[in-house]
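So the chains spell out like this:
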Amino acid sequence: MNFLFTISIRNLFRQRRRSILLGSAIAIGTAVLVLANAFAHGISEVLFNEIVSYVSGHVSVSFTKGGNANNQVFHDGARIREIINKRVPNVKRVDEAIGVFARAIGNAKADNVILVGMDPSGDGVDEKEAEKLAKNFKELEGHFADLADTTVENPVCLAQEKAKTLNVKLHDVVRVRFTDIRGQTQAARLTIVCIMKPSNVFMAAPVYLHIKTVKRLLGYSSNDVPQLYLSIENPRKDAKRFADSLHAGLNPPLAVIDGQLSVHGSGVEVTLLSLRTDSASLALVDSAMKFSARTAADSVNPKKAVIISESLSKITGLQPDDTCTISYEGKFGDEPGGARLIVTAIAAAGSGIDGQVVLVNERDFYKTFYDVWPKSTVAVNGPFRPDTEIGIYKAFGGEWLLAPRSRTTRDVMKLYREIAQKGWKAIVVDVGSMYETASMVLNLEYALNMITAACVMVLFFIILIGVVNTLRMTIRERTREIGTIRAIGMQCVDVRNSFLIETGLLALISALSGTALAFVTMFGLSQLTFKTDANPLGMLLVDGHIFFAPTVLAVCFFIMLIVGIAVVTAYFPARHAAKLSAAEALRHFE
Amino acid sequence: MDIIDIKGLKKNYALGSTTVHALRGVDLTIAKGDFMSIIGPSGSGKTTLLNVIGCIDNATEGSVKVSGREITKLNDREITSMRLHHIGFIFQTFNLIPVLDTLENVEFPLLLMRKLSKQDIRKRAEKLIEEVGLREYIKHRPAELSGGQRQRVAIARALVTNPDIVLADEPTANLDSVTGEQILNLMKEMNRIENTTFIFSTHDANVLKYARSVVKIRDGLIVKEA
Numbered sequence: 001m002n003f004l005f006t007i008s009i010r011n012l013f014r015q016r017r018r019s020i021l022l023g024s025a026i027a028i029g030t031a032v033l034v035l036a037n038a039f040a041h042g043i044s045e046v047l048f049n050e051i052v053s054y055v056s057g058h059v060s061v062s063f064t065k066g067g068n069a070n071n072q073v074f075h076d077g078a079r080i081r082e083i084i085n086k087r088v089p090n091v092k093r094v095d096e097a098i099g100v101f102a103r104a105i106g107n108a109k110a111d112n113v114i115l116v117g118m119d120p121s122g123d124g125v126d127e128k129e130a131e132k133l134a135k136n137f138k139e140l141e142g143h144f145a146d147l148a149d150t151t152v153e154n155p156v157c158l159a160q161e162k163a164k165t166l167n168v169k170l171h172d173v174v175r176v177r178f179t180d181i182r183g184q185t186q187a188a189r190l191t192i193v194c195i196m197k198p199s200n201v202f203m204a205a206p207v208y209l210h211i212k213t214v215k216r217l218l219g220y221s222s223n224d225v226p227q228l229y230l231s232i233e234n235p236r237k238d239a240k241r242f243a244d245s246l247h248a249g250l251n252p253p254l255a256v257i258d259g260q261l262s263v264h265g266s267g268v269e270v271t272l273l274s275l276r277t278d279s280a281s282l283a284l285v286d287s288a289m290k291f292s293a294r295t296a297a298d299s300v301n302p303k304k305a306v307i308i309s310e311s312l313s314k315i316t317g318l319q320p321d322d323t324c325t326i327s328y329e330g331k332f333g334d335e336p337g338g339a340r341l342i343v344t345a346i347a348a349a350g351s352g353i354d355g356q357v358v359l360v361n362e363r364d365f366y367k368t369f370y371d372v373w374p375k376s377t378v379a380v381n382g383p384f385r386p387d388t389e390i391g392i393y394k395a396f397g398g399e400w401l402l403a404p405r406s407r408t409t410r411d412v413m414k415l416y417r418e419i420a421q422k423g424w425k426a427i428v429v430d431v432g433s434m435y436e437t438a439s440m441v442l443n444l445e446y447a448l449n450m451i452t453a454a455c456v457m458v459l460f461f462i463i464l465i466g467v468v469n470t471l472r473m474t475i476r477e478r479t480r481e482i483g484t485i486r487a488i489g490m491q492c493v494d495v496r497n498s499f500l501i502e503t504g505l506l507a508l509i510s511a512l513s514g515t516a517l518a519f520v521t522m523f524g525l526s527q528l529t530f531k532t533d534a535n536p537l538g539m540l541l542v543d544g545h546i547f548f549a550p551t552v553l554a555v556c557f558f559i560m561l562i563v564g565i566a567v568v569t570a571y572f573p574a575r576h577a578a579k580l581s582a583a584e585a586l587r588h589f590e
Numbered sequence: 001m002d003i004i005d006i007k008g009l010k011k012n013y014a015l016g017s018t019t020v021h022a023l024r025g026v027d028l029t030i031a032k033g034d035f036m037s038i039i040g041p042s043g044s045g046k047t048t049l050l051n052v053i054g055c056i057d058n059a060t061e062g063s064v065k066v067s068g069r070e071i072t073k074l075n076d077r078e079i080t081s082m083r084l085h086h087i088g089f090i091f092q093t094f095n096l097i098p099v100l101d102t103l104e105n106v107e108f109p110l111l112l113m114r115k116l117s118k119q120d121i122r123k124r125a126e127k128l129i130e131e132v133g134l135r136e137y138i139k140h141r142p143a144e145l146s147g148g149q150r151q152r153v154a155i156a157r158a159l160v161t162n163p164d165i166v167l168a169d170e171p172t173a174n175l176d177s178v179t180g181e182q183i184l185n186l187m188k189e190m191n192r193i194e195n196t197t198f199i200f201s202t203h204d205a206n207v208l209k210y211a212r213s214v215v216k217i218r219d220g221l222i223v224k225e226a
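Heads up: the protein sequence lines correspond to chains W and S, in order. By the count of the working numbering, the first sequence reaches residue 590 at its end, each step adding exactly one. By the count of the working numbering, the second sequence reaches residue 226 at its end, each step adding exactly one.
Worth flagging that the hints you see were computed from the coordinates, not collected in a lab. One should not assume that every hint holds.
To be verified - Below 16 Å or equal to it, Euclidean Cα-Cα: the simulated EDC-like pairs (lysine to aspartate or glutamate) are: (1) W/LYS579 - S/GLU78; (2) W/LYS92 - W/GLU129; (3) W/LYS579 - S/ASP76; (4) W/LYS212 - W/GLU96; (5) W/LYS314 - W/ASP354; (6) W/LYS531 - W/GLU161.
Every value quoted in this text rests on a predicted model; they were computed, and no experiment measured them.
When you get a sec, could you build the whole thing from the sequences and use the hints?
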């Protein structure tokens, strides 16, 4: 085999000009391929590691209360964290995340800003994370750590560009106006403790406050959580799997409020259940329940329904249009929960709700439920627990509403439109991975990969045409030589292999040269600095530089692909050469 | 003992729409160790006869036995192996491999055989190069050698596998008369030393004096054996 290599290499250098021309074409093609791939991978790295992880986390859990996308709150944060710990124990960090639009007024200048909460020294921020943070937010004046300074009024950090826009300096005060989670307009004074230069233009738009400050300003209580962003070790591999697992774990239990129903001075233990008021649930109520009495208003507007069982009616004497009050023990704090209800209907016995139960329309139920989160849960015994087999069970609401898993950003947007339009009363819990929340951004990576694929196709044709033409000429020129070596005793297969080795070597040397060229070009291009202040494409740059991320695996794959294409392309001309009759080849004259 | 036994050999070529009858029924036997010349004018069928004997071309009809084996019934792999192990070739235009030097050209058939060790191959090639008088040109490529020197390399290459037969198609045609004589003397010397059968074609009457036996061919038929 060695002598085949020797002959092949020498033949390669013998036709120097031809080899250089074809080799250059393959090398340039390879360089473009490696470059395009490294660029696409670089962008994807920036998107995943720098942008997506900040904007939406690798996995996110979002809450929407009352159908209002700005009201992102869940009142039993510990419960959600417990589920996260149980379902995805390998999660690196769980961050609370808030982003609220606000109008900011600086020194005679105003601008729209996003108030973003962050905790630069929170749990799980290791040395590596801190380094990354320091790299992504270069402190120009002041210190990021001062966001946690409680002696300063609402410390804030903002980008140099934003400071310029608002005409403010370090220690100046910025006034902001925003809407809190109760829908009320609030105003606050923010003190600038740090002016920084973000590595990415995308991160220059918000102003950064400590998460605790933002939560306080927006009216979150200590048990409330805003959105939760989960950072995981290997997001590309695990993000979707973790999100699916977490989604399965967040299936809501039936919402129950066990409390004391008071009427005419006497009390009785009852369980309140939420009656969903979507059309399917209302149809279910109509078909599965019989009423012994109901108000005219209840028939007209079932969305205001408060239905009690016949047995409860007998115990308490409650009739339609009667008013009763409910009081119950809250899960957090000493303050009890309560509500005033007007009975609209009495369910006839045999409807599956025979017992001390009140079905309350979801608007009134959740208003009460979320106002003071009850201590009772469906898992513990109470005055009434419905049989899961009864016809109307599906019409009872859960402690929250779990949104189905979205597959794309478009699906996510559709979901939030639906939440806003339908005005779901239960808190909607949505679990997303970066693949869905950033699918539109990731389409960019897809487009770049398409460009890489197009490069492969172009390269394929360059190799195809180049190799076939070169080999045809070579075979024509070397026909007598082929005749000679066949006459001496070289087998067909060795003749064929010598041509394949020659082509493979040319492709390999060219591909390696092309890779080297690509790396030199990458180095050169990454030295250029682009000014991207007003260009949204600047988000794809790191510190104003193009970021390339070539991988050993991809480079090896491309080299093997190119050598493979060249050898496969050379196979047929080489076989043709090998099958030449020795006598005819020896008779050949150019 | 006959090393070649040919009976009723016919070889036709298709040349466009016409058929050329290159050999029209040749009967010939050649003894081992012979130094035979095939003589005839251009187009008489000398090269075709050598090609068929050398297993380069196949017969249209008839029987050809080389070293006791009927070669007309062999497949491509067997016939290539036959050429490698039993036959050596010397061409009119030398046909050396241009990218290999003298030593490598001579070693080449032995490398194809994949039988001997690298050291044995080198030893055998160097011995033959020495015998053809090219010791100091061992690292020269064909382009750096004269016509006579190239033909010497070709002779060494033909003999390196210790073949039963060496076929030479007009080996002196591209050489001046002095060099031609030297080559023929060398071939004769090799024939004597190695006892290898040499068959060479020529249309030069002066070359005949070197041959131990002569076959005259005309229009695809043997007209005289001496």
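Given the hinted pair W/LYS92 and W/GLU129, is their alpha-carbon gap at most 16 Å? With a Cα-Cα distance of about 11 Å, the restraint between W/LYS92 and W/GLU129 holds, given a limit of 16 Å.
Given hint S/ASP76 paired with W/LYS579 - CA-CA distance at most 16 Å: Between W/LYS579 and S/ASP76 the Cα gap is close to 10 Å, so the pair holds against 16 Å.
W/LYS531 and W/GLU161: Cα distance at most 16 Å? Given that 16 Å is the threshold and the Cα spacing comes to 13 Å, the pair holds.
For W/LYS314 and W/ASP354, compute the direct alpha-carbon distance and say whether it is at most 16 Å. 11 Å, holds
Assess, step by step, whether the Cα of W/LYS212 is no farther than 16 Å from the Cα of W/GLU96, and give holds or violated. 10 Å, holds
Given the hint that W/LYS579 pairs with S/GLU78, does the C-alpha gap stay at or below 16 Å? At roughly 15 Å apart (the allowed maximum being 16 Å), S/GLU78 and W/LYS579 satisfy the hint.
Hint check: no violations occur; every hint is consistent with the structure.
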